[in-house]
Amino acid sequence: MKSELDPQKVFGPTRGARAMAVFCGLLVLAGVGAFLAGVLGPQPVRVWQVYLVNFLFWSGVSFGSLLFVALMNLVQARWGRPFKRLAEAPAAFLPLSYLLFWVLYLGRKRIFPWIEVPVPGKEAWLNPGFMFLREGVGLFLLTAVSLALVYCSARSDLEAARGEEEGDASKGDRGQGFAKKSWKVQTVLSPVLGILYGTVLSLVAFDLIMSLTPEWYSTLFGAYFFIGCFYAGLAGIVVLSAIAFRHTELRSVVKPRHFHNLGKLLFGMCLLTGYFFFSQLLLIWYGNLPYETRFLIRRFGRGPWETLAWVVFFLYVAMPALILINRRIKMKLIPMFLLAIMVLVGKWLECFLLVVPSLWKGEQIPLGVQEVLITGGFFGAMVLCVGAFLHRYPLLPVSDPLFRAGFEGNGLSRSEW
Amino acid sequence: MRWKRPTDGVLGIFSREEDLRGAIRSVEETGDRVEAVFSPLPLGEMGEVFSLKPSALRYLVLGGGLLGLLAGLGLAVFASLQWKLDVSGKPVVAWVPFTVIGYECAILGGVAFTLMGVLLLGRILRFRVPRYYDARFTEDHFGVLVPCPSHRQEEVSTLLKTAGAEEVHEVRT
Amino acid sequence: MEAVSYREINRRILGSLLPPGKPYYLALLACFSGMVIGASCWVYQIYFGLGVAGVNHPVMWGTYLINFVFWIEIGHAGSLTSALLYLSGAKWRNPVGRSAETMTVFAVAIAGLFPFIDLGRSWILYWLWPYPNQRNLWPNFQSPLIFDEIAAAGYLIISSLFLYTGLIPDLAVLRDHHRGVRRKIYGFLSLGWTGSHRQWHHYKTAYMFFAFLITAFVVCVASIVSWDFALTIVPGYHSTIFGPYFLVGAVHSGMAMLLTLVIPLRRIFGLEKLIPIRVLENVAKIMIFTTILLIYIYFVEFFMAWYSGHAAERTTFWLRVFGPYAWQFWFTVFTCMFLPLMFFFKRVRTRPMGLFVISIVINIGMWFERFVIVVGPLTHDFIPYAWGHYWPSWIEWGILLGSFSFFFFLFLIFVKFLPSVSITEMKEMQEAPVRVEGTMKGRGA
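Chains as they are written, first to last, in the working numbering: chain A, -15 to 401; chain B, 422 to 594; chain C, 4 to 448.
Isolated chain A, as found in the complex (with noise of 0.2 Å):
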């Protein structure tokens, strides 16, 4: 039992992941390249709109995944411990998007219509200085709970990890120091972050992709976009968890059951993504009012943005919902690594299709090499920082008392609450 509980670096110092980090550097250097050759060039506000798309996609991903380990440890569940690390490593994304956040503001007049041409009645509210202001604070109080959440979490692990090394007597003992004060602390954490989760990329959504046609409103909006990221994160710890169960010692703590709990969750959470959009769609549809339905007709009714957006219903929501009512396609490896791409690809595809309508006039999809170098850049930047997270820190979070409890009850006796 102790070897199994023995944590396990995923990225080695081994040539593969040297390969590897060297190839998302060229693609974080082509991607800046690309952007600064799009700002430069005629059509600035093509490389804005798929910069923007990127921020909201990886930025979601990453805060979503993190909304995962907030809420295990709110209800104190067991099931998902193992992939506890692989849930936080997003984490080490944030700094870096927190500041590629700001670089939006070099470009706002270009991605914000009503600073050019202010919205009457609503300028209080949509005027440059205020948005980034609460958008700023707004970020900043969320990337740093969910940085000292991943902190004390990661470091009360390694210290465990250190301390078992090194043959510390203290090592058996999880109620040790700064892994109990560690443990508290992310009790505590939990649900600010749940709470701040939900308010601030509610506010990301409605600042950010709403505002971009300013006369529209839709109150689920914001709640929408948070359960879409949320259920993107999902699919984020799906893909890392396939290939960390692959190639290092996570197979040894993970069984069957843990990947079917996190498909049902997966699946779950499809199912709330698609009722909610179904949602707005219906009451629009329904009501008929111009300036909700010009937002709808613009992306659903005509031309190529309405087979884009049944590419995004089918990758996004339809496929994963069917494939995941299957019982057993949730335990095996190859299938869930590439249904969760799809919802990845999905889901950015479905950033795009709200983002790029409201400021693009074109009659055709701008999705060509500009956009997709830019996208590989971020790629490449997401990739690198997970790595290097995961390469620091323990692959199992050993100190956290529900995961020993997890084994040591090997399973819940009749009386468990």
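Since the hints were made in silico from the structure, they are not lab data.
Ideal placement from N, C-alpha and C gives every residue a C-beta, glycine not left out.
Any given hint could be a false lead.
[Said to hold, decoys possible] Here are the in silico distance ranges between beta carbons for each label pair:
{"#": "1", "chain 1": "B", "residue 1": "R426", "chain 2": "C", "residue 2": "W130", "range": "51 to 61 Å"}
{"#": "2", "chain 1": "B", "residue 1": "F548", "chain 2": "C", "residue 2": "F51", "range": "43 to 53 Å"}
{"#": "3", "chain 1": "B", "residue 1": "R426", "chain 2": "C", "residue 2": "N143", "range": "51 to 61 Å"}
{"#": "4", "chain 1": "C", "residue 1": "G52", "chain 2": "B", "residue 2": "V508", "range": "23 to 33 Å"}
{"#": "5", "chain 1": "A", "residue 1": "L273", "chain 2": "C", "residue 2": "P387", "range": "17 to 27 Å"}
{"#": "6", "chain 1": "B", "residue 1": "Q503", "chain 2": "C", "residue 2": "F385", "range": "26 to 36 Å"}
{"#": "7", "chain 1": "A", "residue 1": "A108", "chain 2": "C", "residue 2": "A329", "range": "16 to 26 Å"}
{"#": "8", "chain 1": "C", "residue 1": "S91", "chain 2": "A", "residue 2": "V329", "range": "26 to 36 Å"}
{"#": "9", "chain 1": "C", "residue 1": "R354", "chain 2": "A", "residue 2": "K164", "range": "27 to 37 Å"}
{"#": "10", "chain 1": "C", "residue 1": "P267", "chain 2": "A", "residue 2": "V103", "range": "52 to 62 Å"}
Take the given structure of chain A and dock chains B and C to it, following the hints.
Chains B and C in isolation, oriented as in the chain A frame:
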């Protein structure tokens, strides 16, 4: 119990759950088959002991759901086409609201088929308990029913007693 | 949770079915009188017409809709407690699952009466059903009211089936415990249940499927009820968040009603050992969660009304806070959004008396919340000429009283004829009786 000709058998009554596994094993070692295990609560391990497969119910439910979906959508589409009422410019056959109808009827169909399936597959639609039934099975005792020919009843009874049965009765199933 | 033997579980829960004392009959009589008042008011309304109710232009939806929404939402919480928590493996819900399921069935049955009452000409209810007729008229399947018809009827059927399925093993317990006529009746209802492993297997499968289907259906019904309002374009109604809003409100008020029912139950029948304070605490914690969600929803709604820039939207929400129904709004805010936050403090959420009082207050607050949502926007929508005021008439108050009386009447009867705590599920929560060196741990001697 299955509808079959009544045979002789032995019913062992146990007061401790952990004796059941041993009793079943020793009975099966002698070649007899355990017909049923009675308990006041569901025993998770019985699934493995008797290798009960996840029932075919899941396919019935899926089928029922699909049938419900088609029925609901069919009714809605049929009704709209009967008197093509143009309500505030919406299309006569509009899939957006009909999705809701379809979803509701799909679930109702699933429920109907679950009910049908349980009654058929489970064969629980009987109103009398068998004569050998002991009322303590709903309180805190367990039962093991082993059908066997009358000349072996004594042997099986002893077997169950050794395994920990409080009482043993020779019954007719 | 301390171990209780199976025999003890049977004894305690069956003890609740013993012949009751005077207070029970008094309570029953009070509820029955309330029902008679309600029924008489309804008969009066059928005779004199819907005009005796306070509904009139422009507020065509009044307390009948409020009550419909209120009762159906209470049903939702019951279903989610017993079904969703079952699916997520939260065993702590076992002691209150039965009461929750029953609460659902009764609440939905009562809710189903209200569209009937609101019709006025209740005798032509069948016009709402799809059947071939001479004039080739069919219901308009695009209308949310028809969604509602299917949803409410379906919900009543599904929740009754779910309740009944769960009851079968307990009915067998009752059959084996009683003699005579009761034995025959319970025997019939328990469908010859013997507790064989095969029966348990099919039972568990059916229960799991029902739980899953009912959870899916609950989300559907809650949304459809909300869409009765949200599919209009009335400012204050037309808001995309209504679906989740009503679902969250449902869980909030339903959990409160569950506490209102379970706390006296456990005290009167001495079931404290079986329904420990931990269960009530967990319900309170769920309510903290729903409170936070409700606060979020209210903020979003108010913000979006301002953000929309439309005069009608902004006015509706302004009036909500400062208009003629402002005191209901502030009462709601205090009781449903501020008071439940007291549950953060362990001292508050571990006192049954405190929980009981707060739960009743929350329910009253949630009723007024529905009042503010249903009535407010209608009094003041787009056309100034069509602005008006609404206050329920004595008929409506009578019917409201009747509905509450009917609910408690049904629950009182249920409590004396059927086990209000699931015997089987309580046994599932115990450690298996273990032979420990001659001592019978977990089993009555």
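Task: Range hint 26 to 36 Å (beta carbons of B/Q503 and C/F385) holds or violated - done: holds, 33 Å
TODO: Could you check the hint for me, namely that A/A108 and C/A329 are 16 to 26 Å apart, CB to CB?
DONE: holds, 24 Å
Open item on the list: Within 27 to 37 Å: is that where the Cβ-Cβ distance between C/R354 and A/K164 falls?
Closed with: holds, 30 Å
Task: Outcome of range test on Cβ distance (C/S91, A/V329; 26 to 36 Å) - done: The hinted range 26 to 36 Å holds for C/S91 and A/V329, with Cβ atoms some 29 Å apart.
Task: C-beta pair C/P267, A/V103: status relative to the range 52 to 62 Å that was hinted - done: holds, 55 Å
Task: Supplied distance hint 23 to 33 Å, evaluated on CB atoms of C/G52 and B/V508 - done: holds, 28 Å
TODO: For the range 51 to 61 Å, tell me whether the beta carbons of B/R426 and C/W130 fit it or not.
DONE: holds, 56 Å
- [ ] Return holds or violated for the Cβ distance of A/L273 and C/P387 against the range 17 to 27 Å.
- [x] holds, 20 Å
TODO: Note whether the CB distance of B/F548 and C/F51 lies within 43 to 53 Å or breaks it.
DONE: Distance hint for B/F548, C/F51 holds at roughly 48 Å.
- [ ] State, for the Cβ atoms of B/R426 and C/N143, whether the hinted interval 51 to 61 Å holds or is violated.
- [x] With Cβ atoms ~58 Å apart, the hint holds.
Going down the numbered hints, you'll see the structure goes against none, and every one checks out.
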